[in-house]
Amino acid sequence: SQTIHQWPATLVQPVGSPLSLECTVEGTSNPNLYWYRQAAGRGLQLLFYSVGIGQISSEVPQNLSASRPQDRQFILSSKKLLLSDSGFYLCAWSAGGLETQYFGPGTRLLVL
Amino acid sequence: GQQLNQSPQSMFIQEGEDVSMNCTSSSIFNTWLWYKQEPGEGPVLLIALYKAGELTSNGRLTAQFGITRKDSFLNISASIPSDVGIYFCAGQKSGDYKLSFGAGTTVTVRA
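Order-wise, the sequence lines are chains A and B.
For the first sequence, the positions run 881 to 992 when my numbering is used.
For the second sequence, the positions run 264 to 374 when my numbering is used.
FYI, nobody ran anything at the bench for these hints, they're computed from the structure.
Glycine included, C-beta positions come from ideal geometry on N, C-alpha and C.
Where hints are given, some of them may not hold.
Said to hold, decoys possible - Negatives, chain A to chain B, calculated, CB over 10 Å: (1) G907; (2) N912; (3) S958; (4) L970; (5) T980.
Said to hold, decoys possible - Selected chain B positions facing chain A (Cβ under 7 Å, derived; list incomplete): (6) T294; (7) P302; (8) G305; (9) P306; (10) A315; (11) G358; (12) Y360; (13) L362; (14) F364.
Isolated chain B (complex conformation):
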């Protein structure tokens, strides 16, 4: 089930701007994942984080695993039109096969 608070719910951004979104939880997670979903397609994994404090980049994307293990953020630098989509965070607790998902952040880019 969805136990993660993801914000903002949606955002309109200007091309070239940096974007930041985050997820918080009242529970501790051992893994944080960030996915992007485009209309009519399945979510695609962007970044996986496995260690508290870990900062990982994937091109213009940067994500961090919070020190408390209860939060994570995703940054997109110099946004471009193809960054449009819904971004989901997901977390997994130790020994659990299941992921908890955030409700998603819808990103719309103005050219």
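Just chain A, with the same shape it has in the complex:
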């Protein structure tokens, strides 16, 4: 069966520091991968998605970036965090050609 992992689970970072969040998927090949951000008490905002290694589509302009160095690895990064980057970051995957997305456990980021 397929599983999706995210780490760290919780992160507290100072403003201006770099960020690296990792997401990995097991049990499937060539998944579509997605990064979402969820502000407290709000819905899900799609940040990036990837349909293959090295292929990244950005949905919203921001100081975050994403990379997909391996088939089942998706990384969310920032060179300098802003206070507004605080939130709950969710990674999701879907099988290529199928719509259903499955979410990871999330990373809670607090920028101080």
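Since chain A is already given, all that's left is putting chain B on it; use the hints.
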């Protein structure tokens, strides 16, 4: 982005009551999905709908894909305390990798 109108925004329900929530859109979707999110966790898929008019159940949950393909509803029968959480609808258009999400319905159950 969020193109779906989900209602109600929140609800307090008595244990044992039936609950209904819905999502509407001005666009046609080929797939409707319903997720539940508990505090501090990622959303978990409850029901997936792929065909207009489709009615699907998962235990006490029932969801329907509207005939117009612009709406969907989720019913929870005989609610219990563990039904607490935020329920999200999501829709996908033909040929699009992305999902559009509703803003969520927060369900709180009174024992």
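Hints and how they fare:
1. Listed as a non-interface residue, G907/A keeps its Cβ farther than 10 Å from every Cβ of chain B; the least gap is roughly 16 Å.
2. A cut-off of 10 Å between C-beta atoms contradicts the statement that N912/A is not in contact with chain B; the least separation is 6 Å.
3. The claim that S958/A is not at the interface with chain B holds, since no C-beta of that chain comes within 10 Å of its own (minimum 21 Å).
4. Chain B draws L970/A into its interface by the beta-carbon criterion, the shortest separation being 5 Å against a cut-off of 10 Å.
5. Listed as a non-interface residue, T980/A fails to keep its Cβ farther than 10 Å from every Cβ of chain B; the least gap is roughly 5 Å.
6. At its closest, the beta carbon of T294/B sits 4 Å from a beta carbon of chain A; the interface hint therefore holds under the 7 Å criterion.
7. Interface hint status for P302/B: violated, as the beta-carbon distance to the closest one in chain A is roughly 10 Å, over 7 Å.
8. Residue-level restraint check for G305/B holds (minimum Cβ-Cβ distance to chain A is 4 Å; threshold 7 Å).
9. Because the beta carbon of P306/B sits about 5 Å from the nearest beta carbon in chain A, less than 7 Å, this interface hint is met.
10. Below 7 Å, beta-carbon pairs count as interface contacts, and A315/B has none with chain A, the closest being about 15 Å; its hint is therefore violated.
11. Contact between G358/B and chain A, as hinted, is not supported at the beta carbon level, the nearest pair being about 10 Å apart and thus beyond 7 Å.
12. Interface restraint check: Y360/B against chain A, minimum CB-CB distance 6 Å, threshold 7 Å, status holds.
13. The interface hint given for L362/B holds, since its Cβ lies 6 Å from the closest Cβ of chain A, which is under the 7 Å cut-off.
14. Look at F364/B: its Cβ gets to within about 5 Å of chain A, closer than 7 Å, so that hint holds up.
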